[in-house]
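Can you make the complete structure from the sequences, with help from the hints?
Residue numbers (the numbering used here), protein chains in the order written: chain A, 1 to 353; chain B, 354 to 950.
Everything labelled a hint here was simulated from the structure, so no lab data went into it. All the pointers check out, no bait thrown in.
Cut-off 25 Å, straight-line C-alpha distance, at most; resulting in silico cross-link-like pairs (BS3-like, lysine-lysine): (1) K43(A) <-> K886(B); (2) K942(B) <-> K566(B); (3) K120(A) <-> K730(B); (4) K40(A) <-> K730(B).
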Amino acid sequence: MTALLTIIIVLFVAIALWQMVKIFDLAQVGASNTQVADDKDNKLNGYLMIGFLIFIYVITILSFWYLGDQPLMSNSASAHGPGLDNLMIISMVVIFIVQTITQFLLHYFAYKYRGEKGKKALFYADNNTLEFIWTIIPVIVLAGLIIYGLFTWNDIMNVNEDDDPLIVELYAQQFNWKARYGGADNVLGKANVRLIDLDRANILGVAEDDPNAQDDVIVTELHLPVGRPVLFKMRSQDVLHSAYMPHFRAQMNCVPGMVTQFGFTPTVTTADMRQNPDIIDKVQNINNLRKERQAEIEEAGQELTYEFDYLLLCNKICGKSHYNMQMKIIVETQEEYDAWMATQKTFANSLNK
Amino acid sequence: MSATAETHGHDDHDVHHHKETFVTKYIFSQDHKMIAKQYLITGTIMGVIGVLMSIMFRMQIAWPEEPNVLFEALLGKWAPEGVMDADIYLALVTIHGTIMVFFVLTAGLSGTFSNLLIPLQIGARDMASGFLNMVSYWLFFLSSVIMVISLFVEAGPAAAGWTIYPPLSALPMAQGGSGMGMTLWLVSMAIFIASSLLGSLNYIVTVINLRTKGMSMTRLPLTIWAFFITAVIGVISFPVLLSAALLLIMDRSFGTSFFLSDIFIQGEVLHYQGGSPVLFEHLFWFLGHPEVYIVILPAMGLVSEIMATNSRKPIFGYRAMIASILAIAFLSTIVWGHHMFISGMNPFLGSVFTFTTLLIAIPSAVKAFNWITTIWKGNVQMNPAMLFSIGFVSTFITGGLTGIILGDSALDINVHDTYFVVAHFHLVMGISALYGMFAGIYHWYPKMFGRMLNKNLGYIHFWITAICAYGVFFPMHFIGMAGLPRRYYTNSNFPLFDDTANANVVITIFAIVGGIVQIIYLYNFFSSMFFGKKTVQNPWRSTTLEWTAPIKHIHGNWEGAIPHVHRWPYDYSKPGHDEDFVPQDVPMKDGEEELHH
Chain A
1 MTALLTIIIV LFVAIALWQM VKIFDLAQVG ASNTQVADDK DNKLNGYLMI GFLIFIYVIT
61 ILSFWYLGDQ PLMSNSASAH GPGLDNLMII SMVVIFIVQT ITQFLLHYFA YKYRGEKGKK
121 ALFYADNNTL EFIWTIIPVI VLAGLIIYGL FTWNDIMNVN EDDDPLIVEL YAQQFNWKAR
181 YGGADNVLGK ANVRLIDLDR ANILGVAEDD PNAQDDVIVT ELHLPVGRPV LFKMRSQDVL
241 HSAYMPHFRA QMNCVPGMVT QFGFTPTVTT ADMRQNPDII DKVQNINNLR KERQAEIEEA
301 GQELTYEFDY LLLCNKICGK SHYNMQMKII VETQEEYDAW MATQKTFANS LNK
Chain B
354 MSATAETHGH DDHDVHHHKE TFVTKYIFSQ DHKMIAKQYL ITGTIMGVIG VLMSIMFRMQ
414 IAWPEEPNVL FEALLGKWAP EGVMDADIYL ALVTIHGTIM VFFVLTAGLS GTFSNLLIPL
474 QIGARDMASG FLNMVSYWLF FLSSVIMVIS LFVEAGPAAA GWTIYPPLSA LPMAQGGSGM
534 GMTLWLVSMA IFIASSLLGS LNYIVTVINL RTKGMSMTRL PLTIWAFFIT AVIGVISFPV
594 LLSAALLLIM DRSFGTSFFL SDIFIQGEVL HYQGGSPVLF EHLFWFLGHP EVYIVILPAM
654 GLVSEIMATN SRKPIFGYRA MIASILAIAF LSTIVWGHHM FISGMNPFLG SVFTFTTLLI
714 AIPSAVKAFN WITTIWKGNV QMNPAMLFSI GFVSTFITGG LTGIILGDSA LDINVHDTYF
774 VVAHFHLVMG ISALYGMFAG IYHWYPKMFG RMLNKNLGYI HFWITAICAY GVFFPMHFIG
834 MAGLPRRYYT NSNFPLFDDT ANANVVITIF AIVGGIVQII YLYNFFSSMF FGKKTVQNPW
894 RSTTLEWTAP IKHIHGNWEG AIPHVHRWPY DYSKPGHDED FVPQDVPMKD GEEELHH
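Next up, the structure:
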């Protein structure tokens, strides 16, 4: 019943709007009625062009003012992060310079050269020098960005196995993450989803007879020692997922049937990051916002106070609960990491007999 | 070309002898002008559905999990007590994308204006094959109907994103929408592709063979160049999507393993072995990326034409404009991998695609500068079509620039699949192409319906739409830079993103206002059809051939002989002429030069 009423109300609102537009339409009868722009229209819309230019600038400034404090451009927590952020900032500066100038030219010209009766436009069809200039300038700028970008990309993607990286498998399934460490030997046991045996609690399909697998450690909270390179091996058991770790400037899809990889070196512990002035401000701001919605948050059964943590998010549409597929990442000192690791069960001990 | 001339001579005899019934005139019409209108109206209806969906999911993002009477009314069982279900959220996002990209901005835009303008602007009596043209429209209509029907199936419509990556789209147990909903989606798209191919082949053949005497390729209006190259891209890339869809149907229904391997879901191992979802991504984006140029090139063509006409100036750099269309078309087929930097493909491929992708910025920049220079020292007539064209250039620049970030593999790692991407492509191909379409409708409405659209309603429509478009998509970049992933039903499980919640409310309000304002346009469009001011033959004082055809639509377009062409299409404000425009069918004066050569 409410549904029907709503539809009727929406329809009435639409009809009312329609009728208002119609009244506006009919009220104009008698005015110059060719429906082709005249000098009055040219003048009005010319001024509106300048107004719109100002609007674009204002919305840019407001966006920077309210939303400009973006975690993806500063305070990275991985070794390759600062280089990538630098490239991002350079690209942004280029973009905003070009944006500001071209939008100005476009709207200003529209205003300046608005039509007037009796005026004649300049017959100006071609100029090879101009065409050359605005081909060559983007070429130079882009060449710089491409070269810088490719060096950065290669640095990130070429994992040097000689650095003895910590090997960690990220295992995705609808709708949660697991991580598997290679254990004392830092070698992951072989695995395939065909070996999954839920009765024996072998949930990742690790080969039970593989000697390398016995000391593997499977966890639901990712711990990383600070300063040591980590090489992630991604697997998925069902659909595509994407392991997105924004603070570390890291992302890679998890693809069923194949193993993908991504490596980085975490450089800031969780504890240190929580002391970062920018992060303190951000957390403060979020907590103020959360207090305003206190009732709602408590009803949803969440903690009211937010504390900063690194996160692994799923960033490839994976089904109904895609929006809540996350894992906490804790970066800590080697000692803390070792202590934590010592408390974890090995794969061999975790199986049901 | 001699064959063409003969055909014309022959056609001239039977132009006036058509007796048409209601069915042959309005339904199974083979006349390109009627088919254009059919495309436009069908596209408009699909557009209303697509926009309505976006308003619904924007409301969910702004006010997550709050009861909403609109949801209760429109979503029925998918919104128990008015709270939107997470599955239907994904379905709305998916179908919104599908409808807007394919049904509105491909068929509605290219279908409408290629059909209307190709024969009229090149001086042909009709398309090369009127029959294929009719079949093309009706296949499109059929695919639209199937897509709409898919919204009502029991387990829900397709919900795997408009890119329908398997395995999510392949396995009904992975998601409700991957059952019958996805089957209908695939069937609908297969028919759509057939329709698109028939249309494209027709456009190509028509442009190559049926140009009137004097209409050399370098005298074609830029609209025709854009439609022509768009059709070529479509013919190259759409069949690949068809094959991807067929292989996916095989995997879904006949147990093959093209895209699937090693899957454990809901407690059992599936038999699939040896396939790869990455293969599907390659096939999909081999169409998917050219597709965005299929959407944007016709809009660029329309805008070039409208800008020249309304600036009363030749389009600046006609040859450079053609060259950049060709460059964009060529590059568009070798950049698809930039959607897959982090898909698990070899990082070296990522480097190659970064290089080709960023190259596209060069012809795009040339076009943008040429449009701006076209206005410079013009006598700019602020007709609604011109406003939308200026709006097009503005959003194309704003949206295009962020492509420099997304096309850079290193930077893409971090903003891939966040709202930054959503903002980028909505501005550069969504809003821009939509502006191009509106510009085209305002400009060629008199040609289509013999009446004028109300200009003041057009002004209101443009300015509010323009403000809302920036209001929606500009702040969205910043939300993306906060790392917020797209396609999340709610962000409330991530306190990390709480500081983007207010911006999301603002965006949604702009989206709702922007959506509602389109009623002004719909009113203008439908009421002007019957009550609009009657048009004169050439209301915008334009040079191209369509304005030499009579206002009343006749089969064969021109009474008597087809006009011959003596000059390029941009002789505006040419010195030595009294009027500020010289139509293409006016012979050269003694000693007059064709300046653009």
